Amino acid sequence: MNLPSKILEEAVEQLSSLPGVGKRSALRYALFLMNEEEAKVHDLSESLMRLKTHLHHCRHCHNVSDTEVCPICSSEKRQRGIVCVVENVQDVMAVENTQQYRGLYHVLGGVISPIDGIGVHDVEIDSLIRRVQTGDPYPVEEVILALPTTMEGDTTNYYINKQLQPLGVKVTTLARGVAVGDSLEYADEITLGRSIMHRIPFEG
Numbered sequence: 002m003n004l005p006s007k008i009l010e011e012a013v014e015q016l017s018s019l020p021g022v023g024k025r026s027a028l029r030y031a032l033f034l035m036n037e038e039e040a041k042v043h044d045l046s047e048s049l050m051r052l053k054t055h056l057h058h059c060r061h062c063h064n065v066s067d068t069e070v071c072p073i074c075s076s077e078k079r080q081r082g083i084v085c086v087v088e089n090v091q092d093v094m095a096v097e098n099t100q101q102y103r104g105l106y107h108v109l110g111g112v113i114s115p116i117d118g119i120g121v122h123d124v125e126i127d128s129l130i131r132r133v134q135t136g137d138p139y140p141v142e143e144v145i146l147a148l149p150t151t152m153e154g155d156t157t158n159y160y161i162n163k164q165l166q167p168l169g170v171k172v173t174t175l176a177r178g179v180a181v182g183d184s185l186e187y188a189d190e191i192t193l194g195r196s197i198m199h200r201i202p203f204e205g
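Count the sequence shown with this note's numbering and you get residues 2 to 205, in order.
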């Protein structure tokens, strides 16, 4: 793409590095921003910087939060003995949108995938095991495995279940309804909500 400006070219290059943004879309965004009021562009850049400098991962569940402990973990209205294990932050949002689950979460930040070089210690499995072992911040009675129904998700489920078995905690998984190969992020709210409500014992 031949552009008349080096500055415009650099802006397009940066914007096109975002997921799902091609060169043409990046050019459209750059030209739009160029014609916006300076104050609006400044506000956008400030909010993006705050994402990097002020957004935290909750020290208990690893969900994103404005504070050290996220609102879900700090809420007294949640069922603190139940922990739903999910792959990423988007999955927390997907489950919350069902309005069927009132427990806590544990965000792994990925799943075990040797082909991608992601091992057990590259995701937040050790912190989950410690959480169950120590009962910190709250004693755990049940762990719900809500990972993608893919080979990598199943591998991670089996590993976590194996680590949890000696600890005597109840381990369940989502009921039938979420199709094999689906991510929670793309499941409809009714199906996902029913899967949470009618979860079944995890068969290792």
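Honestly, the hints are just simulated from the structure, not real lab data.
Just so you know, these numbers come straight off a predicted model, no measurement behind them.
One or more hints might be untrue.
Listed below are the simulated DSBU-like cross-link pairs for lysine-lysine, each with C-alpha atoms no more than 35 Å apart in a straight line [as the list claims (entries may be wrong)]:
| hint | residue 1 | residue 2 |
| --- | --- | --- |
| 1 | K78 | K163 |
| 2 | K78 | K7 |
| 3 | K41 | K53 |
Ranges of calculated distance between the beta carbons of each label pair, as one might list FRET restraints [as the list claims (entries may be wrong)]:
| hint | residue 1 | residue 2 | range |
| --- | --- | --- | --- |
| 4 | V22 | R51 | 17 to 23 Å |
| 5 | V42 | R131 | 43 to 49 Å |
| 6 | D117 | L32 | 51 to 57 Å |
| 7 | K171 | G110 | 45 to 51 Å |
Virtual Cβ for every residue (Gly too), placed ideally from N, Cα, C.
Can you list which hints this structure breaks, lowest number first?
2, 6, 7
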